[in-house]
Structures are given as C-alpha cells and as structure tokens.
Amino acid sequence: MEYEAVIGLETHVQLKTQSKMWCGCANAFGSDPNTNVCPICLGMPGVLPVPNAEAIRLTALTGYLLNCEIPRFAKFDRKNYFYPDSAKNYQVTQYDKPSTANGWLEFEFDGPGSVDGMARVQITRAHLEEDVGKNSHFDRFSGVDFNRAGVPLLEIVSEPELNGPEMAYAYLRALTDVLFRGGISDCDMEKGMVRCDVNVSVRPKGSTKLGAKIEIKNMNSFSGVRRAAEYEIARQIEVVSQGGKLVQSTRRWDDVAGITEEMRTKEHAHDYRYFPEPDLMPMQPSDDWIAAVRTRLVELPLVRKQRLMRDYQLPAGDAEVFRSNVELGRYF
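Mapping to this note's numbering: the sequence shown position 242 is 242, numbers consecutive.
The set of hints was computed from the structure by calculation and includes no laboratory data.
As the structure is a computational prediction, the values presented were derived from the model and not from experiment.
Note that the Cβ used here is the ideal one computed from N, Cα and C, for glycine as well.
Listed below are the simulated DSBU-like cross-link pairs for lysine-lysine, each with C-alpha atoms no more than 30 angstroms apart in a straight line:
no., residue 1, residue 2
1, K205, K245
2, K191, K75
3, K97, K209
4, K79, K134
5, K205, K217
6, K191, K16
7, K75, K16
8, K97, K134
9, K245, K213
Ranges between beta-carbon positions, derived for each pair:
no., residue 1, residue 2, range
10, P84, N220, 18 to 24 angstroms
11, P45, F332, 56 to 62 angstroms
12, D255, R173, 16 to 22 angstroms
Generate coordinates for the entire structure from the input sequences, incorporating the hints supplied.
Here's what the structure looks like:
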C-alpha cells in the first residue's frame, strides 16, 4: 500500500516591539540572564498585566498580510501547565476567540500540490500570546533565564495541507519573508525569533481521513524542519506498513543523530483547562483603529516580484533579485 504525508505547521514568531507583552521590560536579545525582568514577567503574586498596544496592532497587521479575517471581538485565556521556564505555571494566550482567523498564504513552489509553480495553504489563525523563559542545561545543574518570558509571541497555525518536507520548507521561507517585509518581526532564527512545531501524519494514498498526529516540538531552523519531517514520515510509514499503530504524541528532534524521539503522549485542549484571563478585558477594535492598522500594509514580496515581471518584462531571476533586495529594487 502507498502512503502519503500530511503536514501542518505551528510557527511561533517574536514580535518586533520595544517592550514585553505585559510589562515595560525590554524586549532585547543578548542581555545577561535575568536582567530584563520584573515582578510581572517573574509571575509574582498580585501583579497585574497591561497589554502591549503595539503587539496587538502587529497581530492585526499580520492578519491583513495573511489575508485573514479580523474579528470584532477577541480575548485572552489562561493555558495551564507546569514547566520550569514558565514562572506563572500558566501561559496567557488566545484560544477560542483569537485576533485573526481564516486566512491563506500563496507562495512559489514547483512540486506536488502546486499549480503553475504556485501553492496556497490555508491559515487557521494567527493568535497572540507570551513567550516563556529559556532553559540551559549544564554538567551538574540547569538554569532558567526569564529575559525571554513575556515577550510578545505570535503563533501562526496552518491547516494540514502541506504534502511533504519540501513544501513545508517553501511555506516557511515565504511566511517569514512576508513577516520580515511587513515589519512584524526580524525573524532571526539564530536569536530564537522564529520557532516551529511540525505536525506530521501519514495515511493511505487517496484517503481523506487524517492519521494520528505526531508533533515535533521547537524546531529552530528551516533545514531542521525539512530533515525532521523526512525522517518522521519514513518512520511512520514503516510502523503502519508493518501493522503497527501510531498514537498521537509529542517528539523531539535530535539534530546530531538525525532522529525524532518520543517525549510524551499528546495532551488535548481540555488538559490545559483553558479559561478567560480574568485580569484582561476582551478586545473590540473600532473602525478607526482597524483603518489605522491598514495604513501600515506594504507590498508583499511575491506581489512585488510579479509586478516587476508584468510591468517591466523582467525575467524571473532578475525580478527575484529585486524582490529580495528592496533597496536595489527601488533604485531600479
């Protein structure tokens, strides 16, 4: 029996703001551990969060860049879980009423699932939340740096419409290109500004029913996403081909060994005990507020390339140079 892969991506992007999501601490990379912190991002009792207005604007702007709907009602929720890098033991995020929903991203891709060298993937949502701290593991002990805790984080969730590692790679390149050009994020993966969870399943070719979803957590490079997906697809096909059963679970990618390893069986939404964040009011954007956000829209990279080819009869290679080098394109 032939099998096919189905991939969905959850891309986490740090927003380009000067301060954190709920406090005035600096959103800055490279500071000494635990220097950009305060009682709010350390989860001390009795503190109250104040939303970062620019982060909310950037979230709505992302929605427009990704052809999303901008609901007139959105709210924050508490997602409850314990990890050493989460000082509050819960994460403030958006669950059932996100700030953006139902969009799509079109990008260049010449492979299965494309039409005339183009592909389109539906975006389920792009919701706003906070980042957590960073664990560092040493020979005899571990340390937690909370400088990153509370940094505004956008989670962009695709539909399970990517049919292989190469398509996932092309989607991520196009997505980060849009976010960087739109001023949403610097998208520097070496600084942890972009991380990705990869949801992989396999099913008999031609079937419409999704297989068990296996999530690979916290990928921090495009090439790693491609390699991890290639390995995981082959592993899952081998399991089901031999009569085994796949169970929904979470795995980690060992980049040195080139394998995925199981971390835990996957939680479901109800395990996180979501409930509305009691310290934050819902958001109801006005017409004037939305109009002000829309004034910040820029020409998307793919639209720019297509315009240069159409209006100036440039070959694709030259238009690609001017697409990636904005200043050179303006000079031309």
